[in-house]
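Those protein sequence lines, which keep their order, are chains A and B. Position one of the first sequence corresponds to residue 0 (numbering that gives the first Met the number 0), numbered consecutively onward. Position one of the second sequence corresponds to residue 0 (numbering that gives the first Met the number 0), numbered consecutively onward.
The hints are simulated quantities; they were obtained by calculation from the structure and are not laboratory data. Careful, some of the hints might be misleading.
[Claimed, not checked] Residues on chain B that point at chain A, a partial pick, calculated with CB under 8 Å:
| no. | residue |
| --- | --- |
| 1 | 188 |
| 2 | 189 |
| 3 | 191 |
| 4 | 461 |
[As the list claims (entries may be wrong)] Which stretches of chain B does chain A cover? Using the computed rule of at least three CB atoms under 8 Å from a CB of chain A, they are:
| no. | region |
| --- | --- |
| 5 | 73 to 86 |
| 6 | 429 to 437 |
[Claimed, not checked] Beyond 10 Å from chain A on every Cβ pair, some chain B residues (computed):
| no. | residue |
| --- | --- |
| 7 | 96 |
| 8 | 124 |
| 9 | 361 |
Every residue, glycine too, gets a C-beta built ideally from N, C-alpha and C.
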Amino acid sequence: MHNMPKKYYALFTLPTIIAFAIAFLIPFLFGIYLSFTNFRTVTDTTWVGFSNYIRAFTGDNNFVHALWFTVRFAIVSLILINLVAFTLALLLTGGVKGTNFFRTIFFMPNLIGGIVLGYIWQLIINGILLNFGVDLTYSATYGFWGLVVLMNWQQAGYMMVIYIAAIQSIPTEMVEAAKIDGANGWQIIRNITIPMVMPAITICTFLTLTNSFKLFDQNLALTAGAPARESAMLALDIYTTFYGRVGYEGVGQAKAVVFSIIVAIIVILQMRLTRTREVER
Amino acid sequence: MTKKLFPIISILLIIAFALAACAKPTAAPTEVTQPEVPPATEAPVVATEAPAVTGELYYLNFKPEIAETYAKIGEAWKAETGNTLKVVTAASGTYEQTLKSEIAKADAPVLFQINGPVGYASWKDYCADLSDTELYSHLLDKSMAVTSGDGVYGIPYVVEGYGIIYNNAIMNKYFALPGAKAASMDEINNFAKLKEVVEDMTARKAELGIEGVFSSTSLKPGEDWRWQTHLANLPIFYEFRDNNINTGDPAATMEVTFQYADNYKNIFDLYLNNSVTDPKLLGSKSVDDSMAEFALGKSAMVQNGNWAWNQIKGVEGNTVLAEDIKFLPIYMGMPGEEKQSISIGTENFYAINSQASPEKQKLAADFIMWLFSSDTGKNFVTNELGFIAPFDTFAEDEKPTDPLSLEVIRYMSNTDLYNVAWNFTVFPSQTFKDNFGAALLQYAQGTTTWDEVKALFIEQWKTEKELAAQ
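With the hints as constraints, model all of the structure from the sequences given.
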């Protein structure tokens, strides 16, 4: 084969670069610019420096509250979703009858949009809470655990598929050898399965963590922040700041920039951590 | 091993990207410059014959319940003048969001609504001076318009009224019971009597065949405007009246003391304690739920305005007869309230986009003039939109005939009573209303005290007014 002529580089990379610029780069840079301005509509702005960032953290503590709520949610759902998904994957690779059927069933919720899921679970949870004479808006704790349940239901099946793929790629000889050496079920999981599926764990933790941080539709549909914005997560808080308050468009934009930075930092840190673990094995 | 695993993971990741892109497009940090707006329903009126188009007018409509009527109006307008009306209707509760993104576009709305002085303050860069428009010259009461200096920036186009809507059939059933606390609605002209009757009705609700006297106090976020705006207007109206505060002077309304908070609590408690729904469950009730309860005869009373007629009428299986639907003023224990009327005013003002081309602005002015003065237009306004229009182009017999509008007209013509003006147009901001509504819900659920609600009202009013003044 000949080397590809240089002149074709542009042909193949330009469409991607243009798409990337239009859909990502330009809006992102424009967004950063907007966070330093005061505006009603994005075409009509005045420069105000850092005051939007100051207002995001002072004035009211909605943003800080939402940040804290999101962090707690991300930790809880990260652990729970991966535990559930991994357990399901183990069960469904263990030679149970009807494996394919169950895999499909567990994967299905992921195909339903977040808004729809939010309303479905709102009905279910309110139906249960009704027996105790309250509803979802009664306390942010209900909203929190409602969201955790919802996210588990939606995401566990998806993560399960990734884990199944990883578990199935473990050479059977390794497991057999361990069995001959007298390892019990737990020891096999602990010392063979988990180290072998580390790349899948990296991917799944990464996906669940970022998904939890970016959660919006489910939050909007399930509680819309009730009671009194106490169950609003970061994305919803940014949205209500930007659209809900006249004169706060720039502040919403500033919150969004802070939000991107937080997510970026978390992702980098987490990728580093799990990557080193992978090498160690 | 890794060789096997990698293609699988790569494929899964690709699927993940595709799915993530479909499933949750809103929250990605990269997209925050253009957060997704809940979909606006677009109903362009398409030209049927060859385009002899003289112009297209983009109107951003604020009332979803009349979106279809505007499509018909567009067709009629096109038939008479050859101009095209493009109507985009914002989904319920998202008007301000939709306006914010639509007006930034090259093809921006030319005709839109503002909700009074506060709305004008947010959109003043886009509001054209309407003092020379023909429609303004026909406005009956010029003091109703939104003005600033010599300019007129918003023309009210509908007069509305709200109060306690009651089902006369159920009330008559109650009055016929032995030992009823009143013999007719005429006796109920103050809070003490209302409370006595309502509480007795609650005690005998089985006999009356109702589930509660009042429909659910809808306190779901976004559905709580009947309490955080309309009901809250009453104590504020009295506070302004008794302290001789001029609502047209922004400096005079910077702070309130909420001195009639206890009166608000009177009527609000009455709503909560004699309701179809347990107070702890009100956080998931919407206005629609509330109106459906009334229409199905599960409740005898509901606080709302004359716009609710379409909702009552539209409920399937409704049992309420049109002639039984009446208005009662909202009494809350104020001295002299026997002379209080229902609350009549407006928060719907036409504004024309000053940044549109002069031809487009002219077209918008012509359209609203046509709608409120031509026979075709007036027919739509009276019979289909059901507006009580405040213009002298309407004759006596050109008034809407639905039961609630008739009640509004009846109260308007009763000069013995004093009107409760719509002072909520000077409420500081939507955030203020939302926070107050959220506090009301917590009060209903019993997680906060009335004193805290009152303190929040005063504190939020001050904070939000100061923010708005910046």
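Against the structure, the hints:
1. 188: violated, 36 Å
2. 189: Constraint on residue 189 of chain B not satisfied, violated at 34 Å.
3. 191: violated, 31 Å
4. 461: Constraint on residue 461 of chain B not satisfied, violated at 13 Å.
5. 73 to 86: Not satisfied, violated; 0 residues make the cut.
6. 429 to 437: holds (count 5)
7. 96: Answer for residue 96 of chain B: violated, closest chain A Cβ roughly 4 Å.
8. 124: Per Cβ check, residue 124 of chain B is inside 10 Å of chain A; nearest 7 Å; violated.
9. 361: Holds: least Cβ distance 23 Å, greater than 10 Å.
The structure shown violates the earlier hints numbered 1, 2, 3, 4, 5, 7, 8.
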